[in-house]
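Just need the whole structure built from these sequences, with the hints factored in.
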Amino acid sequence: MAGVTLVNRYSIQDVIGVGGMGSVYRARDMHFPNVTKLVAVKEMINSAPDPLVRQTIVQNFEREANLLATLNHPSIPRINDYFSLDSRSYLVLDFVHGKDMEAIISDTNGFLPEEQVLGWAVELCDVLEYLHRHKPDPIIFRDMKPSNVMINSNGDIVLVDFGIAKTFQTGIKGTMIGTEGYSPPEQYRGEATPSADIYALGATIHHALTRRDPRLEPPFSFAERPLRRINTAVSTELEAVVARALEYNPESRFPTAADMKQALLGVAKKTGALGRMKTQTTPITQAGGIKPLWAFKCEDEVRGTPTIHQGALYIGSYDNNLYALNAADGKFQWKYPADGGIVSRPALYDGNIYFGSEDKRLHVVSARSGKVVWTYYTEGPIRSSPRIAEGHAFIGSDDGYLHAVNLNSGRASWRFEAADAVRSTPFVMNDLVYIGCETGDYYAVDYRGELKWRFHAKRAITSSTVGSANTIYFTSVDATLYALDPKNGWPLWRFRLGKPSISTPCIIDDFVFVGAADGFIYAVDARNSKEVWRYRTEHQVNGSPVIYKDSLYCGSVDGNLYCLEYRTGRLRWKFATQGAITGSPLVYDDIVYVGSTDHQVYALLA
Amino acid sequence: MLKKFFDWLFGRKPSPEKTQDVTQTAPLTEEQIQAIVNNQNPHFDLQQLIASCGQSVGKQRELNEDSLLALTATMAGNSGNLPFGLYIVADGMGGHQFGEVASNAAIRAVAGHILKKFHPYLFQVKTDTMDESFQEIMLEAVRDAQRIIQREAPGSGTTLTAALVIGQQVTVAHVGDSRAYFVFPDGRIDPITRDHSLVKRLEELGHITPEEAVNYPHRNVLYRALGQGELLDPDIFTIAFPQPGYLMICSDGLWGVVAEQDIVRSVVDAPSLQRACQNLVSAANAAGGPDNISVILAQLIG
Ligand SMILES: Nc1ncnc2c1ncn2[C@@H]1O[C@H](COP(=O)(O)OP(=O)(O)OP(=O)(O)O)[C@@H](O)[C@H]1O
Ligand SMILES: [Mg+2]
Chain U
1 MAGVTLVNRY SIQDVIGVGG MGSVYRARDM HFPNVTKLVA VKEMINSAPD PLVRQTIVQN
61 FEREANLLAT LNHPSIPRIN DYFSLDSRSY LVLDFVHGKD MEAIISDTNG FLPEEQVLGW
121 AVELCDVLEY LHRHKPDPII FRDMKPSNVM INSNGDIVLV DFGIAKTFQT GIKGTMIGTE
181 GYSPPEQYRG EATPSADIYA LGATIHHALT RRDPRLEPPF SFAERPLRRI NTAVSTELEA
241 VVARALEYNP ESRFPTAADM KQALLGVAKK TGALGRMKTQ TTPITQAGGI KPLWAFKCED
301 EVRGTPTIHQ GALYIGSYDN NLYALNAADG KFQWKYPADG GIVSRPALYD GNIYFGSEDK
361 RLHVVSARSG KVVWTYYTEG PIRSSPRIAE GHAFIGSDDG YLHAVNLNSG RASWRFEAAD
421 AVRSTPFVMN DLVYIGCETG DYYAVDYRGE LKWRFHAKRA ITSSTVGSAN TIYFTSVDAT
481 LYALDPKNGW PLWRFRLGKP SISTPCIIDD FVFVGAADGF IYAVDARNSK EVWRYRTEHQ
541 VNGSPVIYKD SLYCGSVDGN LYCLEYRTGR LRWKFATQGA ITGSPLVYDD IVYVGSTDHQ
601 VYALLA
Chain H
1 MLKKFFDWLF GRKPSPEKTQ DVTQTAPLTE EQIQAIVNNQ NPHFDLQQLI ASCGQSVGKQ
61 RELNEDSLLA LTATMAGNSG NLPFGLYIVA DGMGGHQFGE VASNAAIRAV AGHILKKFHP
121 YLFQVKTDTM DESFQEIMLE AVRDAQRIIQ REAPGSGTTL TAALVIGQQV TVAHVGDSRA
181 YFVFPDGRID PITRDHSLVK RLEELGHITP EEAVNYPHRN VLYRALGQGE LLDPDIFTIA
241 FPQPGYLMIC SDGLWGVVAE QDIVRSVVDA PSLQRACQNL VSAANAAGGP DNISVILAQL
301 IG
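These protein sequence lines are chains U and H, in that order.
Numbering follows my numbering, in which position 336 of the first sequence is assigned residue number 336; successive positions increment by one, without gaps.
Numbering follows my numbering, in which position 181 of the second sequence is assigned residue number 181; successive positions increment by one, without gaps.
Just so you know, not all the hints are guaranteed correct.
[Said to hold, decoys possible] Distance windows between CB atoms, simulated:
{"hint": "1", "chain 1": "U", "residue 1": "Asp156", "chain 2": "H", "residue 2": "Ala259", "range": "54 to 62 angstroms"}
{"hint": "2", "chain 1": "H", "residue 1": "Arg194", "chain 2": "U", "residue 2": "Leu605", "range": "35 to 43 angstroms"}
{"hint": "3", "chain 1": "U", "residue 1": "Leu605", "chain 2": "H", "residue 2": "Thr209", "range": "42 to 50 angstroms"}
[Unchecked claim] Where chain H lies over chain U, by a calculated footprint (3+ residues, C-beta under 8 angstroms):
{"hint": "4", "region": "214-222"}
{"hint": "5", "region": "449-457"}
{"hint": "6", "region": "489-497"}
By construction, these hints were calculated from the structure, which means they are not laboratory data.
Where is the CB? At the ideal position from N, CA and C, for every residue including glycine.
In structure tokens, the structure reads:
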């Protein structure tokens, strides 16, 4: 269409929107040859086969256009002209310099600030009130949703798309009328009232603050997804106002848009947004000065994950030592020096502790005395953690092998050659050992060291695997959370993370939890791979989340240990250490243990 | 001993990590014995997927607007051959001029897309796994069908319930109010899909009771249908094939007419899947046959 001039006047430049009934174009009005006056030309295709029906549609369109031409409000673009050519009708509007709200929502990384959305909502109430008070008959906007609201270069809202196209839709039996998702229940019965616009405004604000498109959710499900469950930064006050606009029964909603505006202004006053004194409102529940039960200081960073056994906590450090501490009070019991840093998580078996070190060895040490039992050499630093099964310790090494070390002899029964360094921890299930390596190759190996199947991710798989009977899960540096069939490696689903991940997932019920370098902790539905919630920390999340009772515990490179409600992702508390947390916490008997690069190991009440 | 027997019966390999021995040492209940009797299928050393289907225009309609596809095969993979099945029911929307066109186009588009993806594994010997996941392939297939219906039969719509079976994994794509069920030999029947109908939604919200739902005036109003709406979000999920048990997919001409318990009995008591499908269609017709009837039954043995 670009280059075409309609009715000798509007020179089409570009398509700026595509909708149900046709396209919206940016055009230049050639009646103003000396200046560039831009207009938006909205095209509606009249596809009714019957000529009489077609004629009625055109008449309705023209009647509505005439009505809209009489409106005068800063939030409504002026209608300059309309005309029909063959089976197409055109509406010419002021061009709005800006972006529609749907585009703003999807182009924003993270949530929009409450204050900004609040400002738009107040203006939307104003323009709705203007329309609803129109004489002789109120005008119902009917189609409030983010893509029909533009934000102009001043930051003010403009309503585009006056549902005028609706006259072109011959009511289709069997499906719903109106914009699914944003419309209230009564609209499906054909009632268009001011109250319906208030509901749709509530739905629009909900979408803007949660990033959840209501068209992708079951209808009328807002009550099940209150704002703060998804976006913890929203104030309780605003949550209440939006909930009221979204009441199922029209009588329970705000009686008028003006009432809703008053309520929104009340929120703005309470949260301080009104005076624009604060730029951001993020009052997060701060841990009421959470004190650790104890803390123990190593001589270097603690990047690994602890293990607990019979009242003793075992954890490695970059000071090359494996420490045994009294889990109850953090008292030092013994330490065992390796010749390299220890990030490997110790495994316990038959009174011995197994762990790898960057000194290339798998060390086996008596849990009681800390005396060495035997060691096993690989040809590269070990970052993987051992997994004990079938009389063997399975462990990966930077030498590119998965080693199966016989527990009795301390010798390798076999080695499986991977394409590159194996930093993930082997996972053992149903007679198979699962590992990923740094090229992105992933293997299922049987107990004799023979390859059963392989899979390939686009980048390194440093994360370890977790699994349930029918599915295994791991992440990759290619920013994907994978779910595979453990029997044959076919991918069941993939979930896109914002950035690469080396975090090992954790599963419970139908949830998969995982962290990523984008700083988010994700909760994903294991059956349909949909995001349930995400929680933003201030830096990369490299460790694995763990679940204990109804909480999720997870560390972040921002230094905090987070405790979230695992079903909703709501913050319960957080605890700040003085360095990055890269390992996973351990929760046992209502106590959380976690190491930090501030050299300390902390014990906190769960 | 008993466990061995079950393992033989259901072709289970003994797995070392089973923790359900508690239930397995209990004496057999009546239902379990019945289940064994009903389940005297031959044992295969490889897993076998079998399926059958049934269709009827019903007693009150002139046209059949339902479409159905049932395809069973074996697929090469990187760890031996795997059962492959694709089962689809689509119910073109009543009253629409293009109802049958829509349901037919939906099946062709969805099956066409999926079979194209699996062609190298079905008809050549490709050994490495795919990049795309089952759920992504299903989603693309549905999006494809959406585009094709909007082009070929604008204004029409259809339901779609499709199950892709690969090994023991069942990946379902679902829009509308046709249904997929798991039916168990012990008499349980679990719907695994959720209707995208206004009446179901109102029922879920507690605004109407299940009794009111039966007579609700807008019973046929769907809030999601293939071919309709600007954004289509099908339900897509993966679930393990019931063993022992059956996967059933049907249109509302069956589930809306025959009570669940009668459905189970027809399935479980039948000597074969063909007979079970026949019995289900007859039951719906005997109950008045107000709508087109389509049903598919699949079973994974071994
Ligand atoms: N006056 C305008 N100035 C600039 N951009 C506009 C204008 N009107 C519409 N647009 C852009 O075009 C997009 C689509 O416009 P609009 O909502 O009017 O049509 P539609 O979506 O096709 O209609 P419907 O929602 O009824 O199907 C808007 O989301 C907006 O981005
Ligand atoms: Mg629009």
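How the hints compare with the structure:
| no. | hint | in the structure |
| --- | --- | --- |
| 1 | Asp156/U <-> Ala259/H: 54 to 62 angstroms | holds, 58 angstroms |
| 2 | Arg194/H <-> Leu605/U: 35 to 43 angstroms | holds, 41 angstroms |
| 3 | Leu605/U <-> Thr209/H: 42 to 50 angstroms | holds, 46 angstroms |
| 4 | 214-222 | holds (count 5) |
| 5 | 449-457 | holds (count 5) |
| 6 | 489-497 | holds (count 6) |
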